[in-house]
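K.L.:
Chains as they are written, first to last, in the numbering used here: chain F, 1 to 659; chain S, 660 to 905.
Bear in mind the hints are in silico, worked out from the structure with no lab data behind them.
Here a beta-carbon is modelled for each residue, glycine too, at the ideal position from N, C-alpha and C.
Misleading hints may appear alongside valid ones.
With a Cα cut of at most 16 Å, we get these calculated EDC-like pairs of lysine to aspartate or glutamate [stated by the list, open to error]:
(1) K737/S <-> E688/S
(2) K635/F <-> E817/S
(3) K432/F <-> D793/S
(4) K762/S <-> E713/S
(5) K283/F <-> E429/F
(6) K281/F <-> D376/F
(7) K737/S <-> E713/S
(8) K872/S <-> E429/F
(9) K762/S <-> D744/S
Listed below are several chain F residues computed to face chain S (Cβ distance under 7 Å; list not exhaustive) [what the hints assert, rightly or not]:
(10) G236
(11) I237
(12) T238
(13) D423
(14) G561
(15) N601
(16) K635
(17) P651
(18) D657
(19) G658
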Amino acid sequence: MAAALLGLGSCNEMNLEPKGQLDEGVLFNSESGVRKYFTILYSDMPIEDLCYKYAGDGKGYVNSRSAGWHTGNVWEPQKGYGSTVAAETTGRGNDDMGGQWGYWPYDRIRDVNVFINNFPAYKDFYTEARFNELMAEARFIRAFYYFALAKRYGGVPIVAEVQDPTAEISTLQLPRSTEYDTWMFIHDDLQFAMDNGASARTADALSRGSRWSAAALMAKSMLWAASVAKYNQYTGITGEATDAGLMGIDPSYAKDFYKYAYDACKFISDGGFTLHTGADKEKAYTEIFIADCSADEDIFVKHYGSDVVVNWNSGLYSSYDSMTLPLGTGLAQNVGCAIQGVWEMVNLYEHPAISVENPDGTHSPIYFNRLEDFWDTPEMEPRCRANFFFSGMTEPASGTVIDMQSGVYKQFPGTCEDAAPEDSNGENEYHKANRVRASQPGTIQDVGGTAFKINGTHGYATGTGDEGYIYTGIGVRKYTNYNAPAEQRALHKSQQGWKVFRYGEILADWAEAAYELGLETGSDALKAEAFTYVNALRTRAGAHPHDMVSDPEDIGTELYGFPVDENLQYIRDERKRELCIENQGEWDQRRWRTAHSIYQNFWVHTLSGYYVISEGKYIYLNEANPHGRTLTFNKINYYEPIPGGEINKNPNLMRNDGY
Amino acid sequence: MTIVAGVLLLAGVSCMEIDNFDAPDSKIEGTIIDKTTGKPFITDHGTSSIRIWEVSYSTNPTPQDLGVRQDGTYANTKLFAGTYDMLPRSGAWWPCDTTYNVKIGPKGTVQNFEVTPYTHVVDFDVKMVPGGADSQYALEFTCRLEAPIKEGLPQLTEIRPFLSLNNHCGNGNHLDYYYTNTYRVNLRAMWASLDKDGDGYTDNTYTITCPVKNGYKYWCRMGVKFNDTYESWNLSEIKEIEIPQN
Numbered sequence: 001m002a003a004a005l006l007g008l009g010s011c012n013e014m015n016l017e018p019k020g021q022l023d024e025g026v027l028f029n030s031e032s033g034v035r036k037y038f039t040i041l042y043s044d045m046p047i048e049d050l051c052y053k054y055a056g057d058g059k060g061y062v063n064s065r066s067a068g069w070h071t072g073n074v075w076e077p078q079k080g081y082g083s084t085v086a087a088e089t090t091g092r093g094n095d096d097m098g099g100q101w102g103y104w105p106y107d108r109i110r111d112v113n114v115f116i117n118n119f120p121a122y123k124d125f126y127t128e129a130r131f132n133e134l135m136a137e138a139r140f141i142r143a144f145y146y147f148a149l150a151k152r153y154g155g156v157p158i159v160a161e162v163q164d165p166t167a168e169i170s171t172l173q174l175p176r177s178t179e180y181d182t183w184m185f186i187h188d189d190l191q192f193a194m195d196n197g198a199s200a201r202t203a204d205a206l207s208r209g210s211r212w213s214a215a216a217l218m219a220k221s222m223l224w225a226a227s228v229a230k231y232n233q234y235t236g237i238t239g240e241a242t243d244a245g246l247m248g249i250d251p252s253y254a255k256d257f258y259k260y261a262y263d264a265c266k267f268i269s270d271g272g273f274t275l276h277t278g279a280d281k282e283k284a285y286t287e288i289f290i291a292d293c294s295a296d297e298d299i300f301v302k303h304y305g306s307d308v309v310v311n312w313n314s315g316l317y318s319s320y321d322s323m324t325l326p327l328g329t330g331l332a333q334n335v336g337c338a339i340q341g342v343w344e345m346v347n348l349y350e351h352p353a354i355s356v357e358n359p360d361g362t363h364s365p366i367y368f369n370r371l372e373d374f375w376d377t378p379e380m381e382p383r384c385r386a387n388f389f390f391s392g393m394t395e396p397a398s399g400t401v402i403d404m405q406s407g408v409y410k411q412f413p414g415t416c417e418d419a420a421p422e423d424s425n426g427e428n429e430y431h432k433a434n435r436v437r438a439s440q441p442g443t444i445q446d447v448g449g450t451a452f453k454i455n456g457t458h459g460y461a462t463g464t465g466d467e468g469y470i471y472t473g474i475g476v477r478k479y480t481n482y483n484a485p486a487e488q489r490a491l492h493k494s495q496q497g498w499k500v501f502r503y504g505e506i507l508a509d510w511a512e513a514a515y516e517l518g519l520e521t522g523s524d525a526l527k528a529e530a531f532t533y534v535n536a537l538r539t540r541a542g543a544h545p546h547d548m549v550s551d552p553e554d555i556g557t558e559l560y561g562f563p564v565d566e567n568l569q570y571i572r573d574e575r576k577r578e579l580c581i582e583n584q585g586e587w588d589q590r591r592w593r594t595a596h597s598i599y600q601n602f603w604v605h606t607l608s609g610y611y612v613i614s615e616g617k618y619i620y621l622n623e624a625n626p627h628g629r630t631l632t633f634n635k636i637n638y639y640e641p642i643p644g645g646e647i648n649k650n651p652n653l654m655r656n657d658g659y
Numbered sequence: 660m661t662i663v664a665g666v667l668l669l670a671g672v673s674c675m676e677i678d679n680f681d682a683p684d685s686k687i688e689g690t691i692i693d694k695t696t697g698k699p700f701i702t703d704h705g706t707s708s709i710r711i712w713e714v715s716y717s718t719n720p721t722p723q724d725l726g727v728r729q730d731g732t733y734a735n736t737k738l739f740a741g742t743y744d745m746l747p748r749s750g751a752w753w754p755c756d757t758t759y760n761v762k763i764g765p766k767g768t769v770q771n772f773e774v775t776p777y778t779h780v781v782d783f784d785v786k787m788v789p790g791g792a793d794s795q796y797a798l799e800f801t802c803r804l805e806a807p808i809k810e811g812l813p814q815l816t817e818i819r820p821f822l823s824l825n826n827h828c829g830n831g832n833h834l835d836y837y838y839t840n841t842y843r844v845n846l847r848a849m850w851a852s853l854d855k856d857g858d859g860y861t862d863n864t865y866t867i868t869c870p871v872k873n874g875y876k877y878w879c880r881m882g883v884k885f886n887d888t889y890e891s892w893n894l895s896e897i898k899e900i901e902i903p904q905n
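Same shape as in the complex, but just chain F (with noise of 0.2 Å):
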């Protein structure tokens, strides 16, 4: 039977080149083929875009294959988007902070070395300053992937060259590099493509790597490499990982890491780069994230599409859109609010206050005349306006009215803490005497004889689950599309692109590494200049500038066990006021070595707004989590564990300390 089978077969000649295959000859030889070559690296480039889940069901990076992670777009990343482990906002992702999902893109990594290593053998079909343009365009792609390699494990294999399948298996098996060399293998491809990369700054250059997206790659890298410098040395993490400098770099290299940072950003600032803004501050700051900002703000952009237009599993659509905004005509169509501010973030910025305390230590609430009062004030900045949705605040796509009112009190005869305990979200013998709340939005409802709103038509009401309406008050607002007609505001239906890297983001950097460097050379010019970098932040935003204090108070020993100066937290928040919801302050606060001291067991905490019957006015209440998810971070987690199939592979790899 096997002979018949055998005998079916044909005896064609089989040693042909394929001809439905590009191979590397037709591919290298032209710009567009180069283009093609780099089509997948760049489609798998670990960038935390809207497509990025943190944790849960189909965690990862956007992906063209199915390696442990997501493929093409799934419907909800933002049910574990980056914010909500990072108190900016709160939603469903803040399970498993570590983050670990075996991340090991040496596949990729592998096609970028192709090119690296024979594209010289082309150098004949290009001009000298377009070939090494493109070489460094490869070189950033590969720091691109080692960056997030290193952020997670520290020290990794460093593979430079194209390794042959077919050689000897212990010459396969690399050991991880110091965590230090990996930094710096980082540094010398991006030095190559900051002083080779293309210059130019049209929207199309912008969504490729330039050497401004290599300088931009350049300050956060060595930021990340000199934070480790300084600070892994306080999390007292100890063993052989540690021992062979696979965790951790020696303190003595920060103020080097600073420096590198520091002159990449003076590099993007000599470009000419600068910050987006206009006569409305608000509404110039919401521009940053949906319009096309080449001429100013823009370094490195991911465009994304209609999800009939691009291909299915390319992951460029998302669901943001329905998942930031409430249920409603014109508004999010499905699911709503996965993700809702919280006052911890809120807080952070300038605006009305609240409360006043009282002389035993007490708060009571203020009285406002309408809800509106909070935000429509020259009091509150224009960057928190720009951000966040409050109560009153007009969606500008849909022109609605979003209200969200979280219920009534007949009267408020106590404090704050009564009605708002900081770690405790259950009802109380206080809410049962004088607080009406309603399951359903906009319902309307008899109190004492009279109707009353009891609260807005999208949200709070406590029959509605987690989702769907707003439960903190306040409204995810950053990136939501303040031009999409509403057929768009539906799953998979988003095209804004993602801002991999904006000048803001150099600026918060520079602040970061000019003070650091400071700090590391005594020097109080350096820490006056990283201020000028923070109030022009702060100026764009419609804030008030700070000053430097000149003798700064040590914050840092009683909130994270090791010194930080009051000035240096200031710029760390100013980050954060700058950074929020965009996928960056959960890895701060990682860098930084302060996730573990501040999460543990930590609530987040509402901004609800009552109308109280007695007075005819309204008060703001911060109120635990109603949904009672609290952050935890441990602090094994600053470092990802080696993926075990990978150590099965390669037993040279060395596990972290604390796995």
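Once you've looked at the hints, dock chain S against the given chain F.
P.N.:
Coordinates of chain S only, in the frame set by chain F:
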């Protein structure tokens, strides 16, 4: 044609036997002993563990962790027979040496380990006191710390009370309500600054008061957390206390 090929393929897959390999049945048990007292090291579920590596076959084996019980004992009856290296690893004790080449088989092996705790939680007491505005009663927790070895201790992070509604009580099992900044002593200090007279005991007695509910029985203990790799805890003994109905 497809059908013929399918039948052929099936015919090719012979030798389908059931998996008759025996389930692992080798046993190990033992106790973590506090070297300074000679008694078992008291801990709680999920806080302390022993790491083992099966070294019979591999030079870089996947480690397994054996949990340590609240009373300081451990046991596992479902290991593969072989040679193991063992290390009491995550717990609030001074680092100790790996015990090499422990033979584990179906007959069972007893392997005890001696460790030196970072500290002992001493003079632990919990008593019922009048509550505040929201509760009739509260529990007042007090303790001091004693360090067998003072030099080189990791930073002490915090002291917490642990309340539980069953006899499993500690960092691994407690009422989360009390696991907040309100109910703790934030130490963030090295030992020398807590023990200025150098007698091996903290100068202060630490007190934390927690409002409690009427009619409940609480299992209570206190613990101190260290800034080491595992953020490990030394814990006091457990005391039970019942709150009256009124």
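K.L.:
Each hint: holds or not?
P.N.:
Evaluated hints:
A C-alpha spacing of about 11 Å is found between K737/S and E688/S, which places the hinted pair at or below 16 Å, so the restraint holds. The hinted pair formed by K635/F and E817/S meets the criterion: a straight-line CA distance of about 15 Å does not exceed 16 Å. Straight-line distance between C-alpha atoms of K432/F and D793/S comes to about 14 Å, which keeps the hinted pair within the 16 Å bound. At roughly 10 Å between alpha-carbon atoms, K762/S and E713/S fall within 16 Å of each other, so this suggested pair holds.
Note on K283/F and E429/F: the hinted pairing is violated, with a Cα-Cα distance of about 44 Å set against a maximum of 16 Å. A hinted pair counts as satisfied when its Cα atoms are at most 16 Å apart, and K281/F with D376/F qualifies at roughly 14 Å. A distance of roughly 13 Å separates the Cα atoms of K737/S and E713/S; the hinted pair therefore holds under the 16 Å criterion. Proposed proximity of K872/S and E429/F is supported: the alpha carbons are some 14 Å apart, at most 16 Å.
Note on K762/S and D744/S: the hinted pairing holds, with a Cα-Cα distance of about 9 Å set against a maximum of 16 Å. This hint holds: G236/F has a C-beta 4 Å from the nearest C-beta of chain S, less than the 7 Å allowed. Taking 7 Å as the C-beta cut-off, the interface hint given for I237/F holds, the closest approach to chain S being about 4 Å. With its C-beta approaching chain S no nearer than about 6 Å, T238/F sits inside the 7 Å limit, and its interface hint holds.
Proximity of D423/F to chain S holds as hinted, the smallest CB-CB distance being about 4 Å (cut-off 7 Å). For the restraint placing G561/F at the interface with chain S, the shortest Cβ-Cβ distance is roughly 5 Å, inside the 7 Å limit, so the hint holds. With a cut of 7 Å, the hint placing N601/F at the interface with chain S holds, because the nearest CB-to-CB distance is about 4 Å. The beta carbon of K635/F comes within 5 Å of a beta carbon in chain S, closer than 7 Å, and the hint placing it at the interface holds.
Below 7 Å, beta-carbon pairs count as interface contacts, and P651/F has one with chain S at about 4 Å; its hint therefore holds. Here the hint on D657/F is kept, as its CB sits about 6 Å from the closest CB of chain S, short of 7 Å. Checking G658/F against chain S by beta carbon gives a least distance of about 5 Å; that is within 7 Å, so the hint holds.
In terms of the numbered hints stated before, the structure departs from hint 5 and from no other.
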